[in-house]
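Protein chains in written order, with the numbering used here: chain U, 1 to 151; chain E, 1 to 399.
These are computed hints drawn from the structure, not numbers from a lab. Since this is a predicted model, take the numbers as computed values, not measurements. Hints are not guaranteed to be accurate.
[Claimed, not checked] Computed list of lysine-lysine pairs in PhoX-like fashion (alpha-carbon distance at most 25 Å, straight line): (1) U:75 x U:130; (2) E:115 x E:54; (3) U:40 x U:65; (4) E:174 x E:331; (5) E:221 x E:142; (6) U:40 x E:115; (7) E:331 x U:40; (8) U:128 x U:140; (9) E:111 x U:75.
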Amino acid sequence: MQCARRLYMDIERFIGLVFTGFFVLILLYIIIRSLILMSKDMSGEEVVREKALQLLILRTGENHKLSEGGKFNIKEETTFGRKEDNTVVLEDPYVSGYHFRIFPHEGRFVIEDNESTNGTLLNDKKLKQKTYLKRDDVIKVGNLTMKVKML
Amino acid sequence: MRDSKIRMLMPIFLLTFGLFFNIAIFQPVFDIGAMVMAGVMCVLIAYAHFVINKFFGNGDKFLVTFVSVLPVIGIAVLYRLNPSIAIKQVLWFIIGISTYISLVIVLPDLKRFMKFRYLYLVGTVVFMAMATFIGETRYGAKNWVDLGFISFQPSEFGKIFFVFYLASSLKDFKTLKSLIEPGIIVLVSIGFMVLQRDLGSAMIFAFIGIAMIFAATSKVKYLLASFGIGAVGAVLSYFIFPHIRRRVMIWRNPWEYAQNESYQIVQGLYAMASGGLFGSGLGHGAPQYIPVRESDYIFAVIVEELGMIFAFLILIIYFLMFYRNIRSALKATSTFTSLLAVGFSVMIAMQVIVIIGGVLNMIPLTGITLPLISYGGTSMLTVFFSLGIIQKISEEATS
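Full structure from sequences and hints, please.
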C-alpha cells in the first residue's frame, strides 16, 4: 500500500517536472525567437540607413570643377550653391548663393529649391515645393544638368 | 512578416494552456474554471497582438509579447495560490491591457503634453504627500489610502506624475540653475516616501531621478553628484530613522531574527532552496508558509514551484523588455518623449531589481510589487500605463 502510494507520488513529481520542462522550453523559444527577430530588425535598418542616391552629371555647364559623367553619392543632406560653405560649390553665374538642397526623409530623398533667383528645373518644370526624387529624374540648375540614379 | 507574428502568438497560447492545464489536472476534480480562464486570456492577448501589429505596425512589436507572457505566468501562479484572487487579477489584466491599447489608439502626439509642467508638479506633490496625512498602515508602510469605495497606493500614481514632471522640466536643461527645481521635487518625493516608511518606492524614485538627470544632461559630473547626494541621504536617514536601521540589521543577519523580523526573508529563502533548479512542480510546493506570497513574495513561490531556471528566464524577459524600452528612448524624436521613455523603463527595471534583490536577500528587503506578475491592481495599471506610453513613443520614432 505504502509502496503504491510512493509510486503515485513519484509519478506526480515526474509529471510536474515534465510540465516545468515544457514551460522552460516555451519561454526559451519566445526569448530566442524575439532575439532572432530583433537582430533581423537591426540589420534591416542598416540597409535603410545605407540607402544612397547617385547623381550623374550629364552637362557641367560652367562648373569647371565638375566633369561630365562624374557622380555624386548622396547619403545625407547636401546643399548646392555658389557660396563656399555649400556641400557642392557651383561656379555657374546663374546659380544663387544657396540654390537648392537634397535631403533624405523616411528612406527616400527630397529636393527643395531654396528660393533661388533663377529657379531649379525638375524634369523641365520649375520646382515650387519639396518633392520626392524618383529614378531618372533630371535636375537642371543654370547650365548644369544631372540625372538621378538610385542605388 | 505576418506569419512571424503568428509564430510569436502560438507559444504564448501553449504556455497559457499548459500552465492552467497543469493546475487543473492536479486538483481533486478536473478544474474547468482554470481552462476557461486560460481561454479568456488567450482571446485578450490575441486581440492585443492583432491591434498593435495590424494598425500600429510602425511601433515596437516585441513589447506586446513580453507584456502578455509575464501576466500569464503571474495569474497562473496566483490561481494555484488562491483562485478568487486570480480572478480579480484577470480583471485587472483586462483593464490594464485595455489601457495599454487605448493609449496607443487614442493618444495624440505626445509632444503636446510637455507644456503642463506645473500641473505635473502639483500632481506629484499631492500624490506623494497624500498617504502621509490620510494613509493607513499595511505591512509596516503607511502608503495606502482608503477612500471607502476604493483603496489604492497613491505613490503608484505619483510615479507617473513624477516621470512626466521630470521629463517636462529637464527637457530644456541649460545650466545648473535649471536643475534646482527638479532636484528639490525629487528630494521632496523621496522624503515623503521615507516618512511613509515605503523605502522601496524611495529607492525607485531616487534611481528614476538619477537616470533622468543623467539622460538629460549627459554629464558625468551630475551623475556623480546625484549619486553622492543619494549616498549621503541614505547614510543620514540610516542614523535618523530606526525602521531603516532595523531593515539593514535584518538584511545583514537574517538567521538571527528568523522567528521575528526576518520571518518572511527566511521563509522565502527556505522555499527557494527547496525548489532548486527545476522546482517542485506547479501545485506541489508548500507556498503556504511564505508570507505575502501573492504580491511581494510571488518570486519565491515561482522559484519554489517552477524552479530557478524558469525564474532566470523570467528575468531575461524583463531584461529584453528594458532593452526594447531604452531602444525607443534612443530613437525618440524629441527630448521630452525620450526622457519619458527613460524614466518609465528605469521605473520598471528598478522595481524588478529592488524586489528580487530583496527576496534573494541581496539588498535590504522593501515591500514593492513585481511588475506585471504580482497581485495588485494599482501596480498593474501603472505599469501598463507606462508601457502604453513607451509603445506610443516607439511608434513616433519610426514614422
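Checklist line | Proposed proximity, residue 75 of chain U with residue 111 of chain E (alpha carbon, max 25 Å) | finding: Cα-Cα ~29 Å, so violated.
If you draw a straight line from the CA of residue 115 of chain E to the CA of residue 54 of chain E, is it 25 Å or shorter? 32 Å, violated
25 Å limit on alpha-carbon distance, applied to hinted pair residue 174 of chain E and residue 331 of chain E = Status holds; Cα separation ~22 Å.
25 Å limit on alpha-carbon distance, applied to hinted pair residue 75 of chain U and residue 130 of chain U: Holds, at about 18 Å.
Exercise. Is residue 221 of chain E close enough to residue 142 of chain E, meaning Cα to Cα at most 25 Å?
Worked result: 35 Å, violated
Residue 40 of chain U and residue 115 of chain E were given as a pair; does the straight-line alpha-carbon distance stay at or below 25 Å? Between residue 40 of chain U and residue 115 of chain E the Cα gap is close to 38 Å, so the pair fails against 25 Å, i.e. violated.
Would the hint linking residue 40 of chain U and residue 65 of chain U be met if the CA-CA limit is 25 Å? Violated, at about 43 Å.
**Prompt:** If you draw a straight line from the CA of residue 128 of chain U to the CA of residue 140 of chain U, is it 25 Å or shorter?
**Reply:** With Cα atoms ~14 Å apart, residue 128 of chain U and residue 140 of chain U stay inside 25 Å; holds.
Holds or violated: are the alpha carbons of residue 331 of chain E and residue 40 of chain U at most 25 Å from each other? 17 Å, holds
Hints 2, 3, 5, 6, 9 from the earlier list are contradicted by this structure; the remaining hints agree with it.
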